[in-house]
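**Student:** Sequences and hints are given; from them, build the entire structure.
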Amino acid sequence: MSLKQNLHNLKEKYKGTKMAPAFNAIHTFLYMPNDVTHGGTHIKAADDLKRTMNMVIISLLPCLLFGMYNAGYQHYAAIDPSLRDNVLANFFTFDNLWIGIIKVLPLVIVSYGVGLGVEFIFAIIKGHEVEEGYLVTGMLVPLIVPIDTPLWMLSVAVVFGVVIGKEVFGGTGMNILNPALTIRAFLFFAYPTWMSGDKVWVYDAVNRAGTVDAISGETVLGSYAQNLTTNYSIFDKFFGFIPGSVGETSTFLILLGAAFLIFTKIGSWRIIVSTFLGAAAMGMIFNQVVAADIITSSSKFYGLMSTAWWEHLMIGGLAFGAVYMATDPVTASQTNKGKWIYGFLIGFISIMIRVFNPAYPEGVFLAILLMNVFAPTIDHYVVQGNVKNRLKRAKVKTA
Amino acid sequence: MSKDIRIKKGLDIKLVGVAEKTTTQSSLSSVYAIKPEDFHGITPKLIAREGAKVKAGEALFYSKSDERILFPSPVSGTVTEVIRGERRKVLTVKIAADAQQDFKDFGVKDASKMTGEEVKNHLFAAGCWPFIKQRPYDVVANPNQTPKAIFISAYASAPLAADLEYTLAGKEVELQAAISAISKLTAGKVHVSVGANSNSPLAKLSGIELHKVSGPHPSGNVGTQIAKIDPINKGEVVWVVAPQDLVIIGELLLTGKFNATRIVALTGSKFAKPQYVAAIIGASVASFTKGNLNTDNTRIISGNVLSGIKIKETGFLRYYDNQITAIPEGDDYEFFGWNKPVFDKVSTTRAFTFSWLNPNKKYDLTTNTNGEHRAFVVTGSYEQVFPLDIYPMQLLKAFMYKDLDEMEALGGYEVAPEDFALTEFICVSKQPHQKIIREGLDLMRQELG
Numbered sequence: 004m005s006l007k008q009n010l011h012n013l014k015e016k017y018k019g020t021k022m023a024p025a026f027n028a029i030h031t032f033l034y035m036p037n038d039v040t041h042g043g044t045h046i047k048a049a050d051d052l053k054r055t056m057n058m059v060i061i062s063l064l065p066c067l068l069f070g071m072y073n074a075g076y077q078h079y080a081a082i083d084p085s086l087r088d089n090v091l092a093n094f095f096t097f098d099n100l101w102i103g104i105i106k107v108l109p110l111v112i113v114s115y116g117v118g119l120g121v122e123f124i125f126a127i128i129k130g131h132e133v134e135e136g137y138l139v140t141g142m143l144v145p146l147i148v149p150i151d152t153p154l155w156m157l158s159v160a161v162v163f164g165v166v167i168g169k170e171v172f173g174g175t176g177m178n179i180l181n182p183a184l185t186i187r188a189f190l191f192f193a194y195p196t197w198m199s200g201d202k203v204w205v206y207d208a209v210n211r212a213g214t215v216d217a218i219s220g221e222t223v224l225g226s227y228a229q230n231l232t233t234n235y236s237i238f239d240k241f242f243g244f245i246p247g248s249v250g251e252t253s254t255f256l257i258l259l260g261a262a263f264l265i266f267t268k269i270g271s272w273r274i275i276v277s278t279f280l281g282a283a284a285m286g287m288i289f290n291q292v293v294a295a296d297i298i299t300s301s302s303k304f305y306g307l308m309s310t311a312w313w314e315h316l317m318i319g320g321l322a323f324g325a326v327y328m329a330t331d332p333v334t335a336s337q338t339n340k341g342k343w344i345y346g347f348l349i350g351f352i353s354i355m356i357r358v359f360n361p362a363y364p365e366g367v368f369l370a371i372l373l374m375n376v377f378a379p380t381i382d383h384y385v386v387q388g389n390v391k392n393r394l395k396r397a398k399v400k401t402a
Numbered sequence: 181m182s183k184d185i186r187i188k189k190g191l192d193i194k195l196v197g198v199a200e201k202t203t204t205q206s207s208l209s210s211v212y213a214i215k216p217e218d219f220h221g222i223t224p225k226l227i228a229r230e231g232a233k234v235k236a237g238e239a240l241f242y243s244k245s246d247e248r249i250l251f252p253s254p255v256s257g258t259v260t261e262v263i264r265g266e267r268r269k270v271l272t273v274k275i276a277a278d279a280q281q282d283f284k285d286f287g288v289k290d291a292s293k294m295t296g297e298e299v300k301n302h303l304f305a306a307g308c309w310p311f312i313k314q315r316p317y318d319v320v321a322n323p324n325q326t327p328k329a330i331f332i333s334a335y336a337s338a339p340l341a342a343d344l345e346y347t348l349a350g351k352e353v354e355l356q357a358a359i360s361a362i363s364k365l366t367a368g369k370v371h372v373s374v375g376a377n378s379n380s381p382l383a384k385l386s387g388i389e390l391h392k393v394s395g396p397h398p399s400g401n402v403g404t405q406i407a408k409i410d411p412i413n414k415g416e417v418v419w420v421v422a423p424q425d426l427v428i429i430g431e432l433l434l435t436g437k438f439n440a441t442r443i444v445a446l447t448g449s450k451f452a453k454p455q456y457v458a459a460i461i462g463a464s465v466a467s468f469t470k471g472n473l474n475t476d477n478t479r480i481i482s483g484n485v486l487s488g489i490k491i492k493e494t495g496f497l498r499y500y501d502n503q504i505t506a507i508p509e510g511d512d513y514e515f516f517g518w519n520k521p522v523f524d525k526v527s528t529t530r531a532f533t534f535s536w537l538n539p540n541k542k543y544d545l546t547t548n549t550n551g552e553h554r555a556f557v558v559t560g561s562y563e564q565v566f567p568l569d570i571y572p573m574q575l576l577k578a579f580m581y582k583d584l585d586e587m588e589a590l591g592g593y594e595v596a597p598e599d600f601a602l603t604e605f606i607c608v609s610k611q612p613h614q615k616i617i618r619e620g621l622d623l624m625r626q627e628l629g
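Protein sequences, first through last, are from chains A and B.
Take 4 as the starting number for the first sequence in my numbering and just add one per residue.
Take 181 as the starting number for the second sequence in my numbering and just add one per residue.
Keep in mind that the hints were calculated from the coordinates and are not lab data.
All the pointers check out, no bait thrown in.
Here are the computed distance ranges between Cβ atoms for each label pair:
#1 B:Asp476 / A:Trp101: 53 to 59 Å
#2 B:Asn540 / A:Ile104: 44 to 50 Å
#3 A:His383 / B:Glu298: 48 to 54 Å
All of these numbers come straight from a predicted model, not from anything done at the bench.
Note that CB positions come from ideal geometry on N, CA and C, so glycine has one too.
**Tutor:** Have a look at this one:
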């Protein structure tokens with residue numbers, strides 16, 4: 004008997020049992036089900052949620068691969084800064100990739116293993132199918148954490164994020180906050196000393212602290228927040244040869260992913276564009292404040308306020324947040340008009356938090372979480388506009 | 181004067197099996213069946229018991245809510261069987277047709293000399309009232325209300341839909357008689373929509389407001405046209421008649437006979453020769469598809485692939501349909517079907533789905549759902565195929581959590597299930613939109629009237 008037939012028989016066997024969702028999750032991974040339409044339309048379009056989610060994962064793969072090389076590159080470059088003199092020659096080396104394999108892959112495996120484990124348990128307990136939301140979350144999480152995040156911390160955060168961020172609301176499609184960012188926020192607020200500073204961004208920097216071999220890798224934002232300058236060129240910042248969370252450093256690859264998501268019509272171009280617009284607007288305002296001498300170089304805000312608005316767009320997690328986080332359709336605004344407002348405010352508030360938050364010079368995840376909370380409010384007012392038009396139409400008619 | 185309607189949002193689903201423009205006459209089927217469930221919201225009260233002799237046009241049952249609304253037998257013959265379901269609900273009335281058809285005579289009428297009340301009573305008596313449906317709620321019209329306008333869509337944009345220009349050709353006299361009659365039922369206008377470049381027999385009628393429609397499906401849906409011409413506000417009612425039913429009304433007025441024959445399109449890839457056939461309402465599908473239809477693993481649909489109803493091989497042509505579609509069932513697994521590139525299915529995305537490369541290709545789609553039912557996740561996709569000024573997902577959700585205030589405010593009065601057929605087709609979460617809308621409308625009708 005063929006695999007197809009065997010699996011079909013097993014499906015019949017598990018039907019109605021507690022284990023059915025778990026089995027179906029694996030079965031439907033291998034084979035698209037033999038379900039046919041009942042009532043309603045007799046034909047259906049080719050897209051399902053798995054395909055949709057898969058597109059997001061594909062768009063993330065370049066960032067993941069780059070992040071693996073960058074993990075090694077930042078490590079060796081911290082030990083021997085002369086490596087930075089010739090980035091291209093010293094970047095795509097096997098040594099760099101190896102660090103990525105031993106440091107980044109475990110993050111991916113733990114993220115998926117723990118997260119999907121929780122998903123399966125909930126599916127079995129609650130008797131619903133295992134839903135695809137975590138396929139994307141599980142890939143996002145390793146890309147937005149610092150390289151030296153201990154695996155146990157990640158596990159705890161993932162469990163928290165999946166349970167509190169998603170399952171308590173009823174699973175995929177019901178959550179208010181972006182689960183990946185809930186996980187990131189949990190890590191930041193539960194282990195703040197570990198998650199900030201200049202050590203966690205480069206492999207082994209934490210272990211070597213205090214020894215003669217000590218290395219450090221401050222992020223660009225971290226340096227600017229301390230009114231310091233960096234040696235990274237615009238080229239480094241745009242293509243991502245800088246320290247940062249695993250997969251968010253390369254603005255170039257993120258934009259490539261954005262192009263793919265927009266072309267496939269999976270990601271909302273409205274949110275992506277408006278987030279960048281919002282960030283640029285806030286950046287320009289700060290630039291004007293500096294230009295008007297309201298803030299001088301003695302101010303602790305001077306470093307980030309004087310950063311050119313276009314540079315704000317390529318440092319830190321802004322691009323990654325705009326393309327992969329803000330666009331999560333479940334937690335974003337759901338109306339087209341609302342998406343413009345939602346995205347713009349994310350960008351705007353991101354840069355504001357970035358400049359004014361003394362403890363941690365990155366505001367993107369906080370801004371997105373904040374706007375996640377306000378997205379239903381934005382939608383409410385957009386939809387009320389439609390309702391009002393309808394009432395007005397009725398009134399004109401009777402008048 | 182014609183007012184054009186141009187739709188941009190929508191989707192033409194091009195399928196294999198367009199009916200060729202030849203019409204065969206079907207021989208008289210031995211058994212005809214009328215199903216009260218075709219008249220949504222009607223509770224039937226049986227008149228013709230088993231064994232009763234009926235003429236074509238004689239009532240089989242009436243509506244419990246208004247006993248003037250009669251439902252006629254399409255043929256003359258003997259009621260052989262009344263199939264009942266739970267709580268003795270009438271499911272099907274079967275009539276064995278006489279070899280020699282005998283029509284009940286309702287008398288020749290001149291519509292131009294009749295008052296609205298006389299037209300109404302005549303339509304009641306001859307069993308033609310059920311052809312008039314109303315919005316809101318998409319049910320048989322309530323004769324106690326006065327519609328602000330009557331809408332007739334003579335432009336069919338649904339997949340493989342019968343070409344009304346072809347099926348109604350030569351029926352100008354009947355159509356004009358029917359229009360003259362039903363225009364007495366409203367103080368407002370009778371809006372007729374035809375295709376932009378069509379030579380429709382309805383275009384030349386008098387006493388109508390003509391609209392030329394262009395754009396992708398659902399431009400031919402009467403709901404779309406109502407929304408663009410004269411949207412329904414709270415407390416308003418419009419009536420809707422299908423053009424093929426106008427022909428029957430017209431013939432009734434001109435000859436005094438209820439002749440339920442219409443031209444039916446046989447469409448879909450499972451027909452050896454997709455074409456047109458003249459058949460009577462309620463005819464057994466086998467009687468006019470035999471030898472043409474491949475029934476091996478086939479989904480037979482009375483109506484189109486988006487809003488039609490699944491019927492058995494031994495099923496019957498439904499009361500309002502002028503199309504039978506037959507497509508392959510899709511009850512097979514597809515290895516890695518969720519991530520491999522797809523060339524043979526329709527999609528509005530480009531997620532490794534390539535129907536955007538070749539917009540004119542005709543597809544042989546199956547009934548596979550292409551994925552499992554999920555909660556709503558993706559946003560913004562419905563709006564691309566939904567031309568009404570309504571937020572489709574917000575309305576669907578309101579219909580699901582049954583908040584009557586929101587259902588009303590978001591546009592519940594303006595929609596019919598078929599308006600949500602395209603959003604259901606493209607739905608990534610495979611939600612049953614039309615069912616949600618139908619149930620919501622029933623609730624609104626029950627609670628708000």
